[in-house]
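S.K.: Below are the chains, spelled out letter by letter.
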Amino acid sequence: MLGEVGQLLINGLVAGTILAVPAIGFTAIYAVLRFPNFSLASHLTIGAFAGYAANVSWGWPATGAVLVAFVVAGLAGVLNDELVLKPLRPAGVLTTAIAAVALTIVLENVVRFVWGNELRGYDLPIQRDWHVAGLRIGAQQVKNLGIAVGAMLAVFAFLAWTRTGKAMRAVADNPTLADIKGVDPDRVARLVNFAGMGLAGIGGMLVGLDTSIDPLTGFRVILSVFAAAVVGGLGSIPGAVVGALTIGVGEELSLLVLAPAYRTAVGFAAILLVLTLRPRGILGERAY
Amino acid sequence: MSETRLSRRTLLTSAAAAAGALALPARARAQGAPVRLGTLTPLTGAGGSYGPPMRRAMEWVVGEVNAAGGILGRQVELVSEDDQTNPEAAVRAARKLIDVDRVAAIMGTWASAVTTAVAPLCWESKTFLTTVSGSDSITQLPHQGYLIRTQPNTHLQIGKLGDFLLWLKVKRVFVLGAQTPFALPSQNRLREILTKGGSEMVGAVIYDKDKTTFRSEIDQALRTKPDMVYLNGYTPDVTVLAKELYKAGYTGGRIALGYAANAKFLASLPAEVTDGIYTAQPTSALESTGYRRLAKALGSDDLDPYTCQCHDHASLVCLAIGHARGEATGTAVRDHLRRISQGPGVKVDSAVEGLKLLAQGKAINYEGASGPCDFTESGDILDCKIRFEQAEKGKFKVVTTL
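Here the protein sequences line up with chains A and B, keeping their order. Quick note: the first sequence uses our numbering, first residue 1, plus one each step. Quick note: the second sequence uses our numbering, first residue 1, plus one each step.
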C-alpha cells in the first residue's frame with residue numbers, strides 16, 4: 001500500500017510538473033489579456049508537431065527540438081492573436097473566449113490536414129525504467145522533469161529581473177496605470193502571447209515525449225491545464241505551478257479509490273471545489 | 001419541334017395495364033424469367049478499397065452458376081449498386097434495388113452504419129439481407145429472420161481468444177481495456193472461458209483511451225503479477241500501452257486484436273518492444289478448396305475476409321433459392337437458407353456443386369470460403385476461424401488458427 005502511494009506520488013509529481021508548463025502559459029495570458037484563451041489547446045499540438053518535425057525529420061535531439069516547439073508555437077500564438085482574437089477583444093470576454101474555442105478547432109484541423117490523423121512517436125531510444133526501492137522511475141520522466149523545471153525557472157527569472165518581464169507584470173497588475181507610465185499594451189500583449197503559447201508548445205512536446213502525438217494531443221490535456229490554472233488562482237503564475245502539481249498528484253491518487261476511466265473527473269471536481277470554497281484559487285490572482 | 005403529349009386517356013390505360021401486369025401472381029410472371037439479386041457494396045468512400053473485390057466475388061459466383069445452367073434452369077441476374085460507405089446513399093440505392101429491380105436479396109453491405117440503415121427497408125419489403133458488418137447490435141435488430149451476417153461478433157471472437165490463451169497454458173491474465181461498448185462484454189466473456197479452462201483473470205482495468213499516459217494503469221496491472229496482458233483497445237492506445245509495458249520491465253505475454261496491433265503498430269515501435277506480442281483476427285478458411293478456387297479466379301493469393309464472405313453470400317442465396325425450388329423471394333431465402341447452410345447434408349463448397357446435388361434431391365451443407373457458414377436463429381455465425389499471429393523481428397508470423 002505504502003509503495004503504491006509512493007509510486008502514485010512520483011507519477012503525479014512528474015505529470016504535474018509537465019502540466020505546469022502550459023498552465024503557466026494559460027494563466028499568464030489570462031493575467032495580461034483577461035480572457036481564458038482556450039486556443040492554447042491547439043498551440044500545444046502545434047508545438048508537439050513542430051518538435052516532431054525537428055526531432056524526426058531533421059534528426060535534432062529532444063532538448064533542441066523543445067526550443068523549436070517553443071518558437072513555432074509562440075509565433076503561431078502571436079499571429080493567431082493578431083488576426084483572430086485581437087479584433088474581437090472589444091466585443092467582450094465571453095465572445096473572445098468562444099472565438100478561442102472556435103480557433104482551436106480550426107487550428108487542430110489545419111494540423112490534421114498537414115500531418116494526417118495517425119499517431120506519431122518521437123524518435124527516442126526506448127529504455128527500461130529504473131527500479132529504486134520498489135519504485136519505478138523512467139529515464140524519460142526524469143529528462144522531462146528537467147526540461148519542465150528549466151522552462152519554469154526561465155519564466156520566473158524573466159519576470160523578476162528583466163525590464164520587459166516587469167512591464168508584463170505591471171500591465172497584469174494595473175493596465176491603466178501601466179499605460180499612463182508609457183508601457184505599450186500592444187507590445188506586452190504580443191509578448192505574453194508569444195511566451196504563453198510557446199510554453200504551451202513545450203508542454204505539448206513534453207506530453208508527447210513520454211507517449212505519442214496526434215492532432216488531438218492538446219485537446220486532451222486542456223481541461224487539466226484549465227483546472228490547474230483555476231485551482232492555483234487564475235492569473236497567478238506561482239499559483240499555476242501549485243495548481244498543476246495539485247491536479248497531477250490528485251489525478252493519480254484518485255486511482256486508489258476510483259477506476260482509471262474516471263480520472264478525468266478529478267479536474268472537474270477540483271474546479272468545482274475551488275470555485276465553491278475559494279473562488280480566487282489557492283494563491284489568489286496576484287500575477288507574481 | 002413537335003410536342004409529345006401524354007393524354008389523360010393513354011396515361012390511364014397504360015397505368016391500368018401496368019397495374020394489371022403487376023397484379024398477376026409472381027409465379028406466372030417469373031416463368032423462365034431470370035432470378036434477380038442485388039449487391040450493395042462500398043465502391044467509394046471509406047470502405048472503397050474493400051467493395052470492388054467483394055462485388056467481383058459475387059459476380060464470379062453468379063457467372064459460374066449461370067454457366068452451369070442457372071438455378072433450376074433460370075439464369076441469375078446481378079444488379080450492383082454502390083453504397084458509398086454512406087447510410088444515406090445506401091438507403092437510396094437499396095430503395096432502387098427493392099422497388100425498381102425487385103431483387104430477392106441484397107448482399108454485401110459492409111459498414112455497420114450502412115447495414116443498420118438498410119436493414120429496416122429490407123425486412124419491411126421482405127427482401128433478404130446478407131452483410132459483413134461486425135457490430136453486435138446488428139443481429140439484435142427486429143429483422144424477423146431477413147438478415148444474416150458472416151462476420152463474427154465480439155462474443156465469438158473473444159471466446160476464441162480465450163481458447164488460444166488456454167492453449168498457450170497461460171495462467172494469470174490481466175485485461176487492459178479501452179472504454180468502449182465492447183470493453184465489458186469482452187471482459188466478462190474472457191473471464192468465463194478462462195475460469196472454465198482452469199486459468200484465472202487476475203484483474204481488469206477499463207481505461208480512458210484519451211489519457212496521455214497509462215503509467216498508473218500499468219502499475220495496477222503489474223501488481224497482480226500476470227503472465228499475459230490482453231490489450232483490448234485501438235491502435236493509438238495499444239501502441240502507448242505496449243511501450244509503457246516494455247519500459248516497466250514487463251516480460252510476460254501480450255495479446256491484442258488484429259485491428260489494433262496491425263502493420264502501423266509494428267511500424268511505429270522498435271522491434272524489441274513489439275516482439276512476442278500475439279494478435280487475433282478473423283480469417284477465411286484458407287485451406288478450403290472454396291477459398292483456393294476463388295483466389296485463383298480472382299487472381300490473388302491473399303483474399304481479404306470480406307471478399308470470401310461475399311462469395312459465400314452469393315452462394316448461400318443461390319442455394320437457398322435452389323432449395324426453395326426456384327422461388328426467388330426474400331421470404332423463400334429466409335425459410336430455406338439454414339436448410340442448406342448447416343445440418344447433416346453432404347458438405348459442398350460451391351454453389352454449382354450444391355445446386356447439382358439439390359436437383360438430385362439430396363440434402364447439402366454449405367461450407368464456404370470464409371468458414372463453415374452455420375447460422376444462429378438471430379443470423380449470427382456459429383463458428384469462424386480466428387488466426388493467431390506473433391510479432392517476430394517486426395513482422396507477424398502465423399502461430400495457429402482456431
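Think of the hints as simulated: they come from the structure by calculation, not from any bench. A hint or two may mislead.
[As the list claims (entries may be wrong)] Derived list of chain A stretches under chain B, where covered just means 3 residues or more per stretch with a C-beta under 8 Å from a C-beta of chain B:
hint	region
1	5-18
2	76-82
3	199-206
4	209-216
Keep in mind it's a predicted model, so treat the numbers as computed, not measured. Backbone N, C-alpha and C fix where the C-beta goes; we use that ideal spot for every residue, glycine too.
S.K.: Taking a Cβ-to-Cβ distance below 8 Å as contact, does the region 209-216 of chain A have at least three residues touching chain B?
M.R.: holds (count 5)
S.K.: Counting residues of the region 76-82 of chain A with a beta carbon closer than 8 Å to any beta carbon of chain B, are there 3 or more?
M.R.: violated (count 0)
S.K.: Verify the coverage statement for the region 5-18 of chain A against chain B, using a C-beta to C-beta distance below 8 Å and requiring 3 or more qualifying residues.
M.R.: holds (count 4)
S.K.: Closer than 8 Å Cβ to Cβ for three or more residues is the test here. Does the region 199-206 of chain A pass it with chain B?
M.R.: violated (count 0)
The structure shown violates the earlier hints numbered 2 and 3.
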